[in-house]
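What the sequence shown shows, in my numbering, is residues 1 to 447, in sequence order.
These aren't lab readings, by the way, just hints derived from the structure by calculation.
Fair warning: this is a prediction, and the values are worked out from it, not measured in the lab.
Here a beta-carbon is modelled for each residue, glycine too, at the ideal position from N, C-alpha and C.
Don't take every hint at face value.
Pair by pair, the computed Cβ-Cβ distance ranges are [what the hints assert, rightly or not]: (1) Glu400 x Phe343: 47 to 57 Å; (2) Ser241 x Ala19: 51 to 61 Å; (3) Asn98 x Thr75: 23 to 33 Å.
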Amino acid sequence: MAKERAKFESGCAARGIPAERASAIFDLMEKFAEYGFNKSHSAAYALIAYQTAWLKRHHPAEFMAATLSSDMDNTDKVVNFLEESRRLGLRVDPPDVNCSDYLFRADDPRSIRYGLGAIKGVGQAVCQAIVAERGRAGPYRDLLDFCSRLDSGRLNRRVLDALIQAGALDGLGSNRASMSQQLPDVLRATEQLAREREAGQVSLFGSVESSPIRIEPVSIPEWPLDQRLNAERETLGHYLSGHPLDTCRDILSGLVSGHLGELERLLPSGERWGERRRDATIILAGLVCAVRRRGDSTAFAQIDDGHGRVECGFFRDALSQYGELLGRDRILVIEGSLSEDSFSGGYSLRARHAWDFHRLCVDHGTRLLIDLHAQGIETIKAIDAVLRRYRPGATPIRFELGLVGTRGRIDIDARHGVRSDPLLLSELRAVAGVRRVELSLRPPWQG
Numbered sequence: 001m002a003k004e005r006a007k008f009e010s011g012c013a014a015r016g017i018p019a020e021r022a023s024a025i026f027d028l029m030e031k032f033a034e035y036g037f038n039k040s041h042s043a044a045y046a047l048i049a050y051q052t053a054w055l056k057r058h059h060p061a062e063f064m065a066a067t068l069s070s071d072m073d074n075t076d077k078v079v080n081f082l083e084e085s086r087r088l089g090l091r092v093d094p095p096d097v098n099c100s101d102y103l104f105r106a107d108d109p110r111s112i113r114y115g116l117g118a119i120k121g122v123g124q125a126v127c128q129a130i131v132a133e134r135g136r137a138g139p140y141r142d143l144l145d146f147c148s149r150l151d152s153g154r155l156n157r158r159v160l161d162a163l164i165q166a167g168a169l170d171g172l173g174s175n176r177a178s179m180s181q182q183l184p185d186v187l188r189a190t191e192q193l194a195r196e197r198e199a200g201q202v203s204l205f206g207s208v209e210s211s212p213i214r215i216e217p218v219s220i221p222e223w224p225l226d227q228r229l230n231a232e233r234e235t236l237g238h239y240l241s242g243h244p245l246d247t248c249r250d251i252l253s254g255l256v257s258g259h260l261g262e263l264e265r266l267l268p269s270g271e272r273w274g275e276r277r278r279d280a281t282i283i284l285a286g287l288v289c290a291v292r293r294r295g296d297s298t299a300f301a302q303i304d305d306g307h308g309r310v311e312c313g314f315f316r317d318a319l320s321q322y323g324e325l326l327g328r329d330r331i332l333v334i335e336g337s338l339s340e341d342s343f344s345g346g347y348s349l350r351a352r353h354a355w356d357f358h359r360l361c362v363d364h365g366t367r368l369l370i371d372l373h374a375q376g377i378e379t380i381k382a383i384d385a386v387l388r389r390y391r392p393g394a395t396p397i398r399f400e401l402g403l404v405g406t407r408g409r410i411d412i413d414a415r416h417g418v419r420s421d422p423l424l425l426s427e428l429r430a431v432a433g434v435r436r437v438e439l440s441l442r443p444p445w446q447g
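Make the full structure from the sequences, and use the hints.
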């Protein structure tokens, strides 16, 4: 070991590592050598580590698709692997009965296709039957074609609901809401076709004769964003097509230091090589997706904003003051100390203050701006109906109007203010004729 120490310290010195630090590092390795793996064991692990590192570097889509497939029954691991895939610049395409296999698959060097087997409540036999029938007779044309070509004993209502909610049938209908409403009629038609086949209604040419069945398309609005995302989380274990924060990112951008995908930028680097990076006081926002508690004095919340996740610790003082805010699916704005997590290699946040985002908007909204590009009576009535549901309130309203050759502005009397809940903004944006809706805030930490 003395020979190895001299060789190691010499190599460190050639690379600019101080002698004291090099000696301390070797002391750690020497101590570990007393009980560590034998050489053959270590060599095997090193070879596997090298091979997988090479695959991840040179074939990231194939590597991540295989990694996702190996743990697709473990939702937490799937979420982490999907985050890593996006960090590597890979596109993750949603599940699709006309494109997906049972397992995750690399479609090209920069994209991964979601595997049908990762949809909860569907099962391997059904997924394999979907893929096999598609290979035999081509893509499915619509919902009726899909149901009629597969064994109704396997493709029951529960399975179809899961496929619709996960977005795997999006290419077979106008939207998920219409397909869900149309499903009972489609299943009845499928049962009729199956009975005709069993009854042997065969023509002179040997084909099964059945009266043509037509299902009238249903035209209804798509599910609201929160319903669509919650359905994805129930069937996939996470949000895929969007995130609950998507509707309020414009407000949050003016409150936070950055999003959870750029924590590296928010934490100051060490002044010397190898020095631990200094903690930073920042403000972040995200959805509480899990909470674990240690007695009455400590809680750890997983915060997700669609760009990444971070664990936020609430210790004695912060927990006693803000513990009631730690409810699943609640959007929080948190001020705290960001630091490197030496155990996980990531980052952690220690909370100092926390606010419920919806409450923050209601209590500290200073103006609601509604920008109109159409001022017809129906648009005005629709806006008024929405505003009435949020009165009385303290946030004043301003209208901006697009007029011929100019623009106008109308400030509504403060007595007709509203509760500036983020849900109000979502409802106003859905009104035909509304071009833009913005909420100005003066949060408490700005004085």
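Requested in this report: Check each numbered hint from earlier against the structure, then list the numbers of those it violates in ascending order.
Outcome: Violated hints: none; all satisfied.
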